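Student: Dock the two chains into a complex; use the hints.
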Amino acid sequence: MKKTVRHLLLALLATSSAAQAAGPTAQALAFTCAGCHGTDGSSVGPSSPTIAGMDPDVFTDAMLDYKNEKRSSTIMKRIALGYTDEQIREMGFFFYRQQPRTKPQKTDPELVALGKSLHDSYCEKCHEEGGRPGDAGTLAGQWMPYLEHAMSDYLNDQRRWPRKMERKVKEAVKAEGERAVPALIQYYGSQN
Amino acid sequence: MSKNTSASLTGFLFVVLCLFGSLAAYATQHSATGAAASSNIPGAEGEELPFTFDPKTGKRIIPDSRCLDCHGDEKQKTDVRDDGTPVKIFVEHAQLTASVHGDHSCTDCHTTIERVPHRKAPHVAVSCVDCHRDTWEKFKDDPEGKHERLKVVLEQIDSYMDSVHALPNKQDQSRTNATCYDCHEAHNVGELGSIQRKEKRLKNPEVCGRCHEKQLEEYRDSDHGKAVLEKGDSDSAVCSDCHTTHKIASPEKDAVKLAITRNCGNCHEDAQRTYFASYHGQVHRLGYTNTAKCYDCHGSHKIKGEDDPTSEIHANNRLENCRTCHEDANDNFLSFWPHGDADDRANYPGLWFFKIFMQLLIFSVMAFFWIHVLMWLYREVMERIQGKGFIEDLDHPEVVYFRRFPTVWTWIHALFAISTMVLILTGTTLLFSHTAWAKAVVVFLGGTEMEGIIHRTAAVIWLGIFTAHLAIAINNIWTKRATFEWFGSTSMLPNWKDWDDLKGMFRWFVGRGERPEFNHWTYWQKFDYWAPFWGAGVIGSSGIMLFAPEATATVLPGWMFNIATVVHAEEALLAAIFLNSVHFFNVHFRPERFPMSTTIFTGAIPMEEFKHDHRLEYDRLVAEGTLDRHLVKRPSRRADLAASFITTVLIVAGLTLLTLVLYGVVTMPN
Numbered sequence: 001m002k003k004t005v006r007h008l009l010l011a012l013l014a015t016s017s018a019a020q021a022a023g024p025t026a027q028a029l030a031f032t033c034a035g036c037h038g039t040d041g042s043s044v045g046p047s048s049p050t051i052a053g054m055d056p057d058v059f060t061d062a063m064l065d066y067k068n069e070k071r072s073s074t075i076m077k078r079i080a081l082g083y084t085d086e087q088i089r090e091m092g093f094f095f096y097r098q099q100p101r102t103k104p105q106k107t108d109p110e111l112v113a114l115g116k117s118l119h120d121s122y123c124e125k126c127h128e129e130g131g132r133p134g135d136a137g138t139l140a141g142q143w144m145p146y147l148e149h150a151m152s153d154y155l156n157d158q159r160r161w162p163r164k165m166e167r168k169v170k171e172a173v174k175a176e177g178e179r180a181v182p183a184l185i186q187y188y189g190s191q192n
Numbered sequence: 193m194s195k196n197t198s199a200s201l202t203g204f205l206f207v208v209l210c211l212f213g214s215l216a217a218y219a220t221q222h223s224a225t226g227a228a229a230s231s232n233i234p235g236a237e238g239e240e241l242p243f244t245f246d247p248k249t250g251k252r253i254i255p256d257s258r259c260l261d262c263h264g265d266e267k268q269k270t271d272v273r274d275d276g277t278p279v280k281i282f283v284e285h286a287q288l289t290a291s292v293h294g295d296h297s298c299t300d301c302h303t304t305i306e307r308v309p310h311r312k313a314p315h316v317a318v319s320c321v322d323c324h325r326d327t328w329e330k331f332k333d334d335p336e337g338k339h340e341r342l343k344v345v346l347e348q349i350d351s352y353m354d355s356v357h358a359l360p361n362k363q364d365q366s367r368t369n370a371t372c373y374d375c376h377e378a379h380n381v382g383e384l385g386s387i388q389r390k391e392k393r394l395k396n397p398e399v400c401g402r403c404h405e406k407q408l409e410e411y412r413d414s415d416h417g418k419a420v421l422e423k424g425d426s427d428s429a430v431c432s433d434c435h436t437t438h439k440i441a442s443p444e445k446d447a448v449k450l451a452i453t454r455n456c457g458n459c460h461e462d463a464q465r466t467y468f469a470s471y472h473g474q475v476h477r478l479g480y481t482n483t484a485k486c487y488d489c490h491g492s493h494k495i496k497g498e499d500d501p502t503s504e505i506h507a508n509n510r511l512e513n514c515r516t517c518h519e520d521a522n523d524n525f526l527s528f529w530p531h532g533d534a535d536d537r538a539n540y541p542g543l544w545f546f547k548i549f550m551q552l553l554i555f556s557v558m559a560f561f562w563i564h565v566l567m568w569l570y571r572e573v574m575e576r577i578q579g580k581g582f583i584e585d586l587d588h589p590e591v592v593y594f595r596r597f598p599t600v601w602t603w604i605h606a607l608f609a610i611s612t613m614v615l616i617l618t619g620t621t622l623l624f625s626h627t628a629w630a631k632a633v634v635v636f637l638g639g640t641e642m643e644g645i646i647h648r649t650a651a652v653i654w655l656g657i658f659t660a661h662l663a664i665a666i667n668n669i670w671t672k673r674a675t676f677e678w679f680g681s682t683s684m685l686p687n688w689k690d691w692d693d694l695k696g697m698f699r700w701f702v703g704r705g706e707r708p709e710f711n712h713w714t715y716w717q718k719f720d721y722w723a724p725f726w727g728a729g730v731i732g733s734s735g736i737m738l739f740a741p742e743a744t745a746t747v748l749p750g751w752m753f754n755i756a757t758v759v760h761a762e763e764a765l766l767a768a769i770f771l772n773s774v775h776f777f778n779v780h781f782r783p784e785r786f787p788m789s790t791t792i793f794t795g796a797i798p799m800e801e802f803k804h805d806h807r808l809e810y811d812r813l814v815a816e817g818t819l820d821r822h823l824v825k826r827p828s829r830r831a832d833l834a835a836s837f838i839t840t841v842l843i844v845a846g847l848t849l850l851t852l853v854l855y856g857v858v859t860m861p862n
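Chains A and B, in that order, give the protein sequences. At position 32 of the first sequence (counting the first as 1) the number is 32 in my numbering, and the numbers step up by one without a gap. Heads up: take any position in the second sequence, counting from 1, add 192, and you land on my numbering.
Honestly, the hints are just simulated from the structure, not real lab data. Don't take every hint at face value.
DSSO-like, lysine-lysine: derived pairs with alpha carbons at most 30 Å apart [what the hints assert, rightly or not]:
1. A:Lys168 with B:Lys269
2. B:Lys251 with A:Lys168
3. B:Lys248 with A:Lys125
4. A:Lys125 with B:Lys269
Note that the structure is a prediction, hence the values are computed from the model and not measured.
If we strip away everything but chain B, and leave its shape as in the complex, we get (with noise of 0.2 Å):
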């Protein structure tokens, strides 16, 4: 080996020394940076930790025996804090075990707990919301379901931080009023059904009277409380059954008092059923608070039966509650029913009848005339298809029309058509205040005082209206008194030939015989014609007596505002639904009419109309010759289509009314 060649050698090794020497150099950092990345725990990348911290977060895992040396030692429940104030730090570890959350640790909760024994005062900041809501978004996809009921605990956690709970307390800003284990035994929260539950429905009085004091006191005197708290019976009235658990507002909020009320009737079916169908109740359901909701008659926290002399509702005590909404009311208040049932027969003889006299009324007219109208439809398209009946003449239009009515009549008529259709849909709103059509329409009113003003109105005007009627008909009988024929072919009065018409109607009905020729009225107009002075006679009777209840109570017994309700309500139903089918479809729909008979606006009727439909007038007047002066013109074409219009209107206002007003019926509750 020659000395050159030695040096090259020792310059090979030299730099291949160098090289591994800085590969080895860049190999421990780069071990050593990659072990800090994968564990915070120094050294411990490997290693069998004889300790016990997450190798992760390099925190320390606290065991829940740790915990428990000090917070399940039965001997000592309580402890000092810093200050000297006394401290409950025991927990049943038996019990927690046992709960729904029985398999987590103390510090999957207590987050803020690192080190034990506490070095600093510990703080106790559990996130509830956080950790339910985290578990919730890991598992709501899971098949099994198994976490399925976090879905109501989210809901539940929604509504509570939308409640007077989850706002800042006024004493103490850095706190919510409450929180969740403020009510929750924290360590004892049992699932749906555990004997945990059961035990903490009867400790929800005590739970909330911790901050609620005298609401408590109140309850522990109530028949609700007595029964709880002395009895143990799970089944009474605890705090959260009317309140409700989360939801949590102040009852002086409206949408409070609306749920305090609605959750009375989860135990008292048949009071809230009997108190819906009430005034009082029909308004509440409407969504509004001005009339008497239950704890206004029977108190709130102290609700005791009616047999106590410190009842609210004793009789002894009763008018005071009357007389906070009814500042001037008198002993007659007492005999009103507040919940009397009109299907409660042995209770309630009385309303009972009422209100069975009226159905089977409302029954027989509808059945009666409905059949009516199908059998009358019936033969009408029949004998349009033989080409039968009155068919108008295209090819010779009308040029001459009978007058039928004056226009007091036309003005009448309009204005008892609209004051009864306001009418029915003030009314039928709190008939059926369990529809959402009800809350809408009174919602666009202005809300049920105003509805009950606009509802009075239209009552003045339509009695109102039927008085001048009655003073004008009287009128033209006296004028004509001389001549004036009680049951002659012009009189309203029915007779015998209207008998007659109604069997030859079926007749034809049914294809034995011709149709009826009819005088100036025909049986089925002077139905129409005087079932409004039945109907003014029960509705305008109860309606005055709800009018004014203080007044009616001066000469009247309470309980005549129950059968008035009833009445009033079921002769407004009979008539809405009368007016805006049968009367309909005698007047506009059938077959002969469709679409409309615009004669009550215009007050004339084509002349071949008129001798088909009053033959035996147009007979007499011919040979009396005197028809000549109940001829008019043809109405103006501005005139017919102003009839047509207000007509239109009319007819598409009283069906959206029969459309409304079946469905009330139909979805009635009950």
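Excised from the complex, chain A in its bound form (with noise of 0.2 Å):
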């Protein structure tokens, strides 16, 4: 009987094996995001941006900047060197699927008011929709420490500007003064 047990076991490790032929398939991936990114991409801490539901394409481009030493990072190069090109797209397509599950920040309702305005005139014909998952990334509902640092990359010319991006933010900033950067950021992170 021992010996049958045995037969069948040896059975079931020829099975397995055979199966993981396939590859790990775009969740098996993603798992290990979860650490910073939360499980699923839905982010819990407040460095690391949600990337559930992000655009894939957008996606893409982020782990290729990275791969490709064209975004600064601290983690992300050597994370993104970890996968084919292909890899990443599965995964961009995974966290595409995902809903983003964004907890509640507390915001300063002036800030948040003005944040709005600014939007509305200098940033939603790219980040539409309040800046929700797009086309243009995903700004809504994401931590504001993490968006404080990414304006602050950017600001500090650490990370390249996408195109108009600049202008825009600048015009924004001589409308508004030093508030429209925060304003701008509360007004992201105001929602959820």
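Tutor: Have a look at this one:
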């Protein structure tokens, strides 16, 4: 009987190893992101963005930029190097399918109102629907500390501005001074 | 269960599970491959997609609304490029929806746009050509014919491809001089008869003027320009009416010069009709551009009425135009009617009179002689059926001939016939410049200038022969002045006997009398002889006037060119038709003579034929006992063959000319 069990176990082993030849699924690949970006891409920490619901092209652009050192990072370059371009694309579509689960953040209503007004004037055309996940990235509901880091990178030339964004942000700053960027961040953080 | 049996069962189960495991692995891989083949979107197989990606190509589908976020914002119709220069980005979406392309999405045409917002400065490259060609290929057999207009579009595309606009730009060879959407408002292409098209027509000068600025400035000040740009009159000419819409080429090219001139006539029909009736227009219609064209006199872009002092056709400025070609033109050129209309009695009564007179002459002469021909033919046929008339006696071939012409007349007739035919051929190519044969003949001759040289050379020979003949005739009469009877039997001058013969012939035609007997010259021969005197007077004098216009204008007013052109052509027409039909019948084709008479080239006429046609002269010579002096041997076989040969050539040439001329008359426009 012992022998029988041994044979059956061997057979099961053989079956599972054969199945593994198909490669890991996108979901399996995405498991490794959960540590920072939360389960299925909905971030629970303040410095990592939520990538659930993210546009797959935006995701792919970001990962490839990390991989090719076109975007500065702390650890993302090393992580990105671990995936093939095709795997990155599959992950992009995986995260796009996920419903982002954002958490409420404490915001200043006055700044939120100003931020909304600035967003409508300078940002809405690219980041449509108040910055909800779309072809220009996700702003609505992102953790405000993450947004502050990101904007700081842009403003300090640590990160390459997308076309027109620099002009638009600087127009907003020109219009409302130093309150402009914090107001925008407050507005995006206020949405969940 | 024995130990052995149990071991065997366990081994069997192992094998089955291994097989199952392998199959499962194969199936997993296979299904993964299958999904990839049917979709380019990871994990999209059979799933309701929450986003807009084309499941087949995996490409993003960009909805028009996304484009219109920026391109439909009326408050921000311009943006700045990466280099800081302004760029118009606004698209009137309602206009696009109402256009012929209303069913298409933005990215149907803007295929290079893959991402919004644009990650890179967008490269606007719309392939109108490919799309229209592909669509036509797809729908050309559609029974509803919904895309029938595409056929025209494709023709226009072909024209454009051959045009100067499709050539690489000299300053920037990476682009063409102009492409579809430089002229067509890309988002506002209207269907036939739509308001968009009407508006587009009025905008045409401004559109062309974006590149052709100087021309637009001139056009603005012209009558056409004022009507279109100031009054919104879409009936007045815009650029494309003259230059065509797609087959644009340099106006230095002959084909363009011809096309533009032809296009003026699309509106100015009368002006073109009268222009084509003039020498200038005839040459043009033959496909040559060395004579004055509309814009040579009227100007091209700054066309104005003749009352405007700045107009090129104002009385004060017109002579300068004439002098462009006619360097020595004097004031008399100003009285030339460039658009003189011989059918317009009210405005050109003199011209009208000459044309009517010449046409009456043609109709009456041709009517009379064609009736004469037909009746004569009828009578001879009837007589031959009855065994009467002159019938060659094959048992007794003629050996004695009567000498009618000395050698000098043979040469004079041959040269006269050849030069006349050359004049008819080269002259009628102008008169019938609308025909394909005229164009082919001119090309064969080497162009209108060469044709002019040939025509003038033939005219000089013709007049030279005519003068030489006059000298010989006068000398003959002078020599015989003591005995010459002006109205005698050998004189060419008409007399009462001719009148009686004419009446006698008609009686014979209708069977009410015998065929008259004739002297040395019959009345129809006298007519053939005297007709060229009239012809020489009319054609010769008008021809000399047209030969050298500057010299003519030193003594004659310009409108004489108009009259000379009309009478020269009409008289030539009369001669061409008369000689190649009536003269040919009288001499060659009537049954007694058919297929030809070679007498003019052999100089001799068979005795029996002479007796039949000139009985009175025969009787007179017999009575005088001088017949022997005129008798000659039958011409040698070689002389006979040579005479037959040249007569055949001339008859065939004459009949060919007659055919071409009659074809020209019948197909003459208006």
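Student: Does each hint hold? Answer for all of them.
Tutor: How the hints compare with the structure:
no. : hint                   : in the structure
1   : A:Lys168 with B:Lys269 : 16 Å, holds
2   : B:Lys251 with A:Lys168 : 28 Å, holds
3   : B:Lys248 with A:Lys125 : 29 Å, holds
4   : A:Lys125 with B:Lys269 : 14 Å, holds
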